[in-house]
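K.L.:
Sequence:
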Amino acid sequence: MKAAASPDSLQTLVVIGNGMVGHHCVEQLIARGALERYRIHVYGEETRRAYDRVHLSEYLNGRDAESMAMCEAAFYEQEGLHLHLGEPVLEIDRHTREVVTQRGRVAYDKLVLATGSYPFVPPIAGAEGASRLVYRSIDDLDLIRDAARGARRGVVVGGGLLGLEAANALKSLNLEAHVVEFAPRLMPVQLDEAGGAALKARIEALGVGVHLSRATQDIKPGTRYRYRMRFAEGEPLETDLIVFSAGIRPHVTLARKAGLTLAERGGVAINDRCLTSDERIYAIGECAAWNGTVFGLVAPGYQMARIVAADLCGAEETPFTGADMSTKLKLLGVDVGSIGDAHGVTPGARSYRYIDEAGSSYRRLVVSDDGKRVLGAVLVGDNRYYDTLLQYAQNGIAPPADPASLILPLGKAAPALGVDALPATATICSCHNVSKGAVSAAIDGGCTDLGSVKQCTKAASGCGGCAALLKQVVEHELASRGVEVDKSLCEHFAYTRQELYAMVRVGGIETFDELLARHGKGHVGCDICKPAVGSILASCWNRPIQDPHLVPLQDTNDTFMANMQKNGTYSVVPRIPAGEITPDGLIAIGAVAKKYQLYTKITGGQRIDLFGAQLHELPDIWAELIAAGFETGHAYGKSTRTVKSCVGSTWCRFGVQDSVRMALDIEHRYKGLRAPHKLKFAVSGCTRECAEAQSKDIGVIATENGWNLYVCGNGGMRPRHAELFATDLDDATLIRTIDRVLMFYIRTADKLQRTSVWRESLEGGLDYLKDVVLNDSLGLGAELDAQMQLVVDRYECEWANAINDPEKLKRFRTFVNERGGDPDIQFVQERGQPRPAPVRAARVIPIAEEIV
1 MKAAASPDSL
11 QTLVVIGNGM
21 VGHHCVEQLI
31 ARGALERYRI
41 HVYGEETRRA
51 YDRVHLSEYL
61 NGRDAESMAM
71 CEAAFYEQEG
81 LHLHLGEPVL
91 EIDRHTREVV
101 TQRGRVAYDK
111 LVLATGSYPF
121 VPPIAGAEGA
131 SRLVYRSIDD
141 LDLIRDAARG
151 ARRGVVVGGG
161 LLGLEAANAL
171 KSLNLEAHVV
181 EFAPRLMPVQ
191 LDEAGGAALK
201 ARIEALGVGV
211 HLSRATQDIK
221 PGTRYRYRMR
231 FAEGEPLETD
241 LIVFSAGIRP
251 HVTLARKAGL
261 TLAERGGVAI
271 NDRCLTSDER
281 IYAIGECAAW
291 NGTVFGLVAP
301 GYQMARIVAA
311 DLCGAEETPF
321 TGADMSTKLK
331 LLGVDVGSIG
341 DAHGVTPGAR
351 SYRYIDEAGS
361 SYRRLVVSDD
371 GKRVLGAVLV
381 GDNRYYDTLL
391 QYAQNGIAPP
401 ADPASLILPL
411 GKAAPALGVD
421 ALPATATICS
431 CHNVSKGAVS
441 AAIDGGCTDL
451 GSVKQCTKAA
461 SGCGGCAALL
471 KQVVEHELAS
481 RGVEVDKSLC
491 EHFAYTRQEL
501 YAMVRVGGIE
511 TFDELLARHG
521 KGHVGCDICK
531 PAVGSILASC
541 WNRPIQDPHL
551 VPLQDTNDTF
561 MANMQKNGTY
571 SVVPRIPAGE
581 ITPDGLIAIG
591 AVAKKYQLYT
601 KITGGQRIDL
611 FGAQLHELPD
621 IWAELIAAGF
631 ETGHAYGKST
641 RTVKSCVGST
651 WCRFGVQDSV
661 RMALDIEHRY
671 KGLRAPHKLK
681 FAVSGCTREC
691 AEAQSKDIGV
701 IATENGWNLY
711 VCGNGGMRPR
721 HAELFATDLD
731 DATLIRTIDR
741 VLMFYIRTAD
751 KLQRTSVWRE
761 SLEGGLDYLK
771 DVVLNDSLGL
781 GAELDAQMQL
791 VVDRYECEWA
801 NAINDPEKLK
811 RFRTFVNERG
821 GDPDIQFVQE
831 RGQPRPAPVR
841 AARVIPIAEE
851 IV
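In terms of UniProt numbering, the sequence shown opens at residue 1 and continues consecutively.
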């Protein structure tokens, strides 16, 4: 055992900056045993420890800030490692080798600058009055959220990567979003003209206004909105808030004051070892400039961090010689990819282009003049080509005789590059510099599954863009060693969900016990297989989920047919098909809410949510709602939730079809349908798209000649734009097509897989799905039709079924020996409505479960 170093023998290392790159440097130092050499002091301006800025937009979608942290708090509690949050460094005194903060001075032997960058706000007259909102940190997002309260419209100045992320943030806050870009196209650094045009078309289809070639001259008070933006050319634009995302600038204030050499175009000048003009000071990440270039992605910053950590610990590391700036993104749900020489500036470079104006998709492949090397690519609308093209470009793999085949529609394109064709040096994860050889070594070292490889190598733990390729490599490497890749659902079923679905359907199996006895092992199942099988049985046979043999398969929400809230109470959501409701219905819901002191809220799916119901109250509440003509809205299940609609041709002067009638028909048809994940629909009466159909699993938009059908879109954590599937369908054909799409999804999807992810995983993509559904290429059409009709015919309101069965009602007791409620629940007021205070969260649920 190595003796601990004497405190007097340790040098002091100061790291200024606790962003992603600074933190990664500290991680690499610790992994290399730096605490045996150094006392490490880390200074951060923010009050939070390093967090994931790559997925910053998830914060506005409900992700907790703490969950975004790059490490547990205990990491910085190691002896010899000191984290100073909310303590910016004010000065670097190179003569005394000290850093100066408001709390004093700390001497250093070595220093790492990881100060990152700051958002550039153009010098626009009136910008100060617009509060200078920027999109860079969690604190910035809190300010944007505050500014959005009561606002109707928001504008982002800047149409680059962060600008489009900011626009997505504004949409998530229910604002009308606009993007103003000085250049003639969006993402001008990554995309060429045609790629920018395709991205613009897709983003405008999502309801985001795009204003290109706009130079903002000044910002003044508006008339209809808070601010009025005046441009050098074009009509002015009014808005309630403005977010500036016009690029970044290296944060070099400390370096400049300390007299370090700066690059001509910004950034602290560094050499191949990331050393500055002072041999004791390193610079990494967005504050550093190598050969005059600043790299604005996290992967090059991580690469610099590894080089510095190795140098400080006396280890060898490949010098920094620049970085690959290839990126794979999803912006407002739209796939965007840029690889290598995307603009084809290499002398002699030739380009192949595939343009789909109808679908707003674009692909460009750039190859060398002799056609033997892939130099770069641009992708808009479909990133499934990205991994293959990236490996061709990075590893010098010769393209096919016809390079254009690499970007043709799937089914016509060249086969995807198999992972067996990749050399050991091929980079799988650029964020953490993990090669195929490193993955192979991890498996040789004892890793036997994807999770352990991720933990060992950190691959796919950065931006996550390599996750699919990593999975393929791991499975290939395991198979090549004779290790069978286990795709079992769980320890009880050695099958995938798709295989179990086929067994249930073909075998006519209607209970979990029968399926377990015929195709599984064990006696009771687990929390993985029981809900999955419960969903399969419901999708196939649509029996009431409260039947005794089905109840043990349900999770808490399905068990009590209500969504449990964080304070232990439940929400009640009656179905309001297409959002259409009578005055008497509104009065009935209001009366129930008032009687049971329920908090009420209109949902985004045109329903009314009633919060705060206690377990024992649920049957009484539903009895009153059912008597008033309502039925369950299935808000608790992985099933059809809502069919949103505009008012259509009945009322709207722009409507061309009766969208409400169609939405009613669709909701009443699919309201009992259970699926691998929740399903949301929308019907718009014209192309103005007021129902936002193109963000739903199934979206229908009226045309003069019928209906256009869009499929496999969704919001949430991974928003995705739905894709046009068929045009000008009559009513009967529309319903039959939806039947087949949904039933094919239910038949082939993985457990808890949303339609958008399922669509991305289909080999052959949208063209394949069209062939199956529209052309009946697999001969399944009649079978899918019959399966859906069985589900439709067997529908019954689950709550109506339950309240008419005394045995089922026994489940809805808070206590075994008491029919009343929980006396500890107290009600408080929230914006004038009652809300149960979170006193004892759901501790009674296991007791209630035992009585059945």
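Wrong hints could be hidden among the right ones.
As the list claims (entries may be wrong) - The list that follows gives simulated cross-link-like pairs (lysine-lysine, DSS-like), each with its CA atoms no further than 30 angstroms apart: (1) K110 x K330; (2) K110 x K257; (3) K808 x K566; (4) K566 x K521; (5) K594 x K810; (6) K808 x K601; (7) K471 x K521; (8) K487 x K328; (9) K330 x K594; (10) K751 x K471; (11) K328 x K521; (12) K471 x K328; (13) K751 x K770; (14) K487 x K808; (15) K770 x K330; (16) K330 x K521.
Keep in mind that the hints were calculated from the coordinates and are not lab data.
K.L.:
Look at each hint and say if it fits the structure.
P.N.:
Hint-by-hint comparison with the structure:
A distance of roughly 39 angstroms separates the Cα atoms of K110 and K330; the hinted pair therefore is violated under the 30 angstroms criterion. With a CA separation close to 18 angstroms, the supplied pair K110 and K257 stays within the 30 angstroms bound. Distance check on the hinted pair: K808 and K566 sit about 25 angstroms apart at the alpha-carbon level, within 30 angstroms; holds. Straight-line distance between C-alpha atoms of K566 and K521 comes to about 35 angstroms, which puts the hinted pair past the 30 angstroms bound.
Taking the CA atoms of K594 and K810, the gap is about 25 angstroms. The hint holds against a cut of 30 angstroms. Taken as a hint, the K808 and K601 pair is honoured in the structure, with Cα atoms around 29 angstroms apart against an allowance of 30 angstroms. Taking the CA atoms of K471 and K521, the gap is near 27 angstroms; set against the 30 angstroms cutoff, the hint holds. With a C-alpha separation of about 27 angstroms, the suggested pair K487 and K328 falls inside the 30 angstroms cut-off, and the hint holds.
The suggested pairing of K330 with K594 is violated, with an alpha-carbon distance near 44 angstroms, which exceeds 30 angstroms. Straight-line distance between C-alpha atoms of K751 and K471 comes to about 18 angstroms, which keeps the hinted pair within the 30 angstroms bound. The hinted pair formed by K328 and K521 fails the criterion: a straight-line CA distance of about 42 angstroms is larger than 30 angstroms. Distance hint between K471 and K328 is fulfilled; the C-alpha atoms sit about 17 angstroms from each other, no more than 30 angstroms.
Restraint check for K751 and K770: the C-alpha separation of about 23 angstroms stays at or below 30 angstroms, so the hint holds. This hinted pair does not check out: K487 and K808 have alpha carbons roughly 37 angstroms apart, beyond 30 angstroms. For the hint linking K770 to K330, the alpha-carbon distance of about 24 angstroms falls within 30 angstroms, and the restraint holds. Simply put, K330 and K521 have alpha-carbon atoms about 41 angstroms apart, too far for the 30 angstroms limit, and the pair is violated.
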